[in-house]
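Participant: Using UniProt numbering, read the sequence shown as starting at 1 and increasing by one per residue.
Okay, derived cross-link-like pairs now, DSSO-like style, lysine-lysine, Cα gap no bigger than 30 Å in a straight line:
1. Lys427 / Lys743
2. Lys942 / Lys994
3. Lys954 / Lys1019
4. Lys1019 / Lys942
5. Lys254 / Lys264
6. Lys249 / Lys264
7. Lys254 / Lys699
8. Lys699 / Lys264
9. Lys994 / Lys954
10. Lys743 / Lys682
11. Lys682 / Lys699
12. Lys699 / Lys1051
13. Lys682 / Lys442
14. Lys1013 / Lys264
15. Lys296 / Lys145
16. Lys1051 / Lys442
17. Lys942 / Lys844
18. Lys743 / Lys442
19. Lys264 / Lys145
20. Lys954 / Lys942
21. Lys145 / Lys844
22. Lys1013 / Lys145
23. Lys942 / Lys1051
24. Lys844 / Lys1013
25. Lys699 / Lys743
26. Lys699 / Lys442
27. Lys682 / Lys427
28. Lys844 / Lys1019
29. Lys145 / Lys1019
30. Lys844 / Lys1051
Computed beta-carbon distance windows for the label pairs:
31. Arg974 / Arg159: 30 to 36 Å
32. Thr968 / Asp1031: 21 to 27 Å
33. Ala891 / Ala411: 52 to 58 Å
34. Glu226 / Glu190: 19 to 25 Å
35. Pro20 / Ala202: 56 to 62 Å
36. Ala202 / Arg1021: 35 to 41 Å
37. Asn261 / Pro20: 47 to 53 Å
38. Glu226 / Asp1031: 55 to 61 Å
39. Glu226 / Glu314: 23 to 29 Å
40. Glu314 / Gly186: 39 to 45 Å
Please keep in mind that the hints were generated in silico from the structure rather than gathered at the bench. Owing to the predicted nature of the structure, the values given are computational and were not obtained by experimental measurement. Even for Gly, the Cβ is constructed at its ideal location relative to N, Cα and C.
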Amino acid sequence: MTGKTIGEQGWAELYAQLNPRQQAAVDALEGPVMVLAGPGTGKTQVLTARIANILRQTQMDSWNILCLTFTDSAAGAMRERLLHIIGEAAFRVRIGTFHSFCNEIIADNPAAFPAAAQWTVLADVERVELFRSLLDELPGDSPLKPFGHPYVYVGDLLRLTQSLKKEGVSPQRLQALIRASEAAGGRLEEALYDFFALPAAARTDDDCQAAAQTMHTVCREAGAAEEVWPQFAAAFERYTAAQAEADGKRAAGKARTVFKNEVKRMVERMVSLAPRQHELTVLYRRYQERLAAAGKYDYEDMIMFVLERLRTDEALLARYQEQFQYVLVDEYQDTNGAQNELLWLLGSFYPNPNIFVVGDDNQSVFRFQGASLENLLSFYERYREHVQVLTLTENYRSHQIILDAAGAVIAHNAATLDNILPGIDRKLISHGGRPARIERRKFATEDAENYFVASRIAALLEDGIAPQEIAVLYRNNRDAESLADVLLRRQIPVRLATGEDVLQGVRVRQLVQLLTVVADMQREDRLAEILQYDFLGLDALDVLRAIHAAGRTRQPLFLMLADAAGLAAVGVQEPALLLRVARQLAAWHRAAENETLQQLFDRILHESGLLGRIMDQKDQLTVLHHLTTLFNELRRLNAANHGLTVREFTDRLQLLAEHGVSLSAEPWQTRSAAVQLLTAHKAKGLEFAHVFLIRLADKHWGNVRERGRLSLPPGVVHHDPIAGQANNEDERRLFYVALTRAKERLYLSYAQDGGGRERTASLFWHELPAETVEDSETEETEDEALARLHVLRLHSPQPVPGHIRDWLAERLVSYTLSVTHLNNYLDCPRLFLYRNLVLAPAAKTRQLAFGTAVHAALRDLMAAAAETGEVPPEDFLLQRFERFMRRETLADSDLADSLQVGRQALRQYYRQYHRQWPRRVLVEYDFGSHGVHAGAARLTGKLDKIEVLDPAAKTVNVVDYKTGNPDTASRHVRHGERYWRQLVFYQLLSVESKRFPYTMVSAELDFIQPSAKTGAYVKRRFRVTENDVDDLRQVIAGAWEDITSLAFLEKEGCGECVYCAAVHLSLVSNERAEQQEHSSEGES
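Required output: the full structure, derived from the provided sequences and hints.
Facilitator: Dropping the structure here:
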């Protein structure tokens, strides 16, 4: 390599390697140029050759060329290729991402960005903490702070603020957009009322035309023509297209109904989201203010800072406009609004600047990062008079069958440049390859799918295919978890292209829980969990005895562990081991006050026995890699805060886990050459000889529901032609990208069993032309099934040891079943085991504490009314509530919110009902001593309130108080659900008790908080039938048999409760622990 640019002979050789369309792009040096480059058409070669041609044909220096890419890896690959063409001059060409370019502008202009030297990037956990603190400052009735779940919107806030910054939208601009959307929504709701109310049979095409005109007029008058109208216009265009294709009255009528429903949903969403969106603006503004005050910035802010400066500093903008006479942009379809504005500013000096963009709208798969199809359209519209539009269609990657299949699928998209720009031809033509049809298989289960993929990969490796030429692509990171496990079991080297979330690994979770207990010895629930970790070497039954004894005697669990005599008294066989752990915990707790956090981490890792247990595992390298990542995060936080405590560290890790923010390990692989496992998004720009596309089920690939609780108003992504449309066009583009990664062979698969739910193939599966696919048989022979089971090591669950079963049987000798226990059992056998039999301690949530205080206050109110014959005044109820609320152990912010919400709800509740309350009531009636049986089952229960309806007939109404939103209650009162079981259980108690002197004729759910939708208070009264009671008897009989026979110990848990999420390894083998660790390797 020399410092000279390419010579004429070298250039001629390079130019001859280009096809005619590539040559045309390389020769188009002046003015705006838009190149539509399909997958595998050599766009990187075109970009580098064009840079060389600029230097060859113009008087520009390499310093005058700016090339912007989407990723650092793309920038590195481009510079490497350019070095081979023009030598050392490549180092002077500015090649990098938009972010790195803006970072260089900031660094090169300290006077323009005076605070830059003190700025630091906000870490993910700091971003979560900041939004939680901002939510804490909101009043308890804020629409973004639902009671009981005050941080439920944190994930949406993280996502939406990033989107706003990527689109260059300030808090002021957001407020204007929300006001326009709200005004238009309110007026449209009124203006279209008659249109929405029309019966389907009466709705005509003229009505739809008139409604569209009304929408346009209202949007214009509300000042929202540019922001809001496009989504309605797109809906109307879809309607007119459907009308044109309708082949009869029924089809035409259906098109009108679909149009009406779509518009109505849009209007209702605009109106209903407005209060939350206004609150979003407040938080966005405060968030930016806090960042500035703390000297912090988000990664997305870097471009915002530069944009704000270039908009106002003409001299600075002119300097960069003068320097960069030629600007090239790779993957232009993936740029976002802020990046696009930066490009406009750089090119704003000339009406026809030398801007060369390469992109493909069919590969626009990063709209969740703010990217939009609008980029290519806006570039064309901005430079319509001067722009050259060129296409690259000769594909050097895939054979024609793959290209035909991908082209047929993407043709189903309506929002493509083919339908907008005149005269473009983008049909991909293969440059070569040996055509082979796409292999397509459906399987009964995911296990069978995994086994097939692993077996086929093993066969390819045996045939000499290099591992790195094989890739498995999937929609979400978690799709690879079970497959990665199977590949590792078969000794197939794998590389996860995205790092695992180490917080999901079994051993890391155990260490974090151990640190949590060391930080706070009062966390009884966590202490009960860590005692069951296998590396502590405790006897499982001794642990259960200690936990149960502490729960039964209401003694702190730690004090029980430290009491040798007390342990012996409850039957603990090896009290010395529990005493040892108690002493260790006390020593670590003391060390936390006297050693650095890094020293404490190392001490616990060694002294606990965890490191030794890890070194005995087969996957020790994986687990040690996870622990190193955790330790590096600790060091990073410790460097920023030298006084960081173990509690602060574990609290931060808990925040990450709660809000779905991963602590990712660096990508790694088991060998230098490995099979690639990566999401379809991560596969963008890559290619492989053999590609497996897995989990191709409906509602996973395609028909995916948006899960966000909060969305931005229309207009944030300007003029996006797919705004308001189903997400399937985005999903189809992603599927197109996945298909076009394959050079030689494609294998498509999905499993019909989706965890107990029947699944069907993705709609994209059905869009593949029949002539491009080969559907293969997937029926397993008995030998194949046995081989699969052997590989997967799917043995029966490890039985609970006999001595533990004996101990549990003793607990059940005098056990009585309450409806709460029954509901817990039906929800999850593990929850029932630990919460109701073992009596494991559980931290009290804010909702539970609130409910306890409300019930106690109402109990005292009703008891006083029954005693005196007069209902006490309103203040009596509020004072009792506050007294009981303050007895609960809550954070100050939780207590303040609970008091605010409770006072408001109870005040209105009292005023609503106090004149209606009957004076003849019994409160907290307890059946505990009644000896109630239903068949063999012993039953008990306590009723909140009994209202005597007729003293002579002794008829009563049983009332159960409920806190929370009554709007969500309907699903629970259905036959067989929780509230139904509760009310029928009360009826059963009253019927079977020989001592209950009344006849229960009705049951009532009394909601203490008003409806979130209507603001009204709700009571729901039911009459329990004999059939209801008989049905519940059968449920109880089955549950009682499973419980008393201990058959429930062999049942699967729910997988979601705290006891399923916890890692109780002392009851299972070490092999099971290793299996759990393996299965977490692919999780991210």
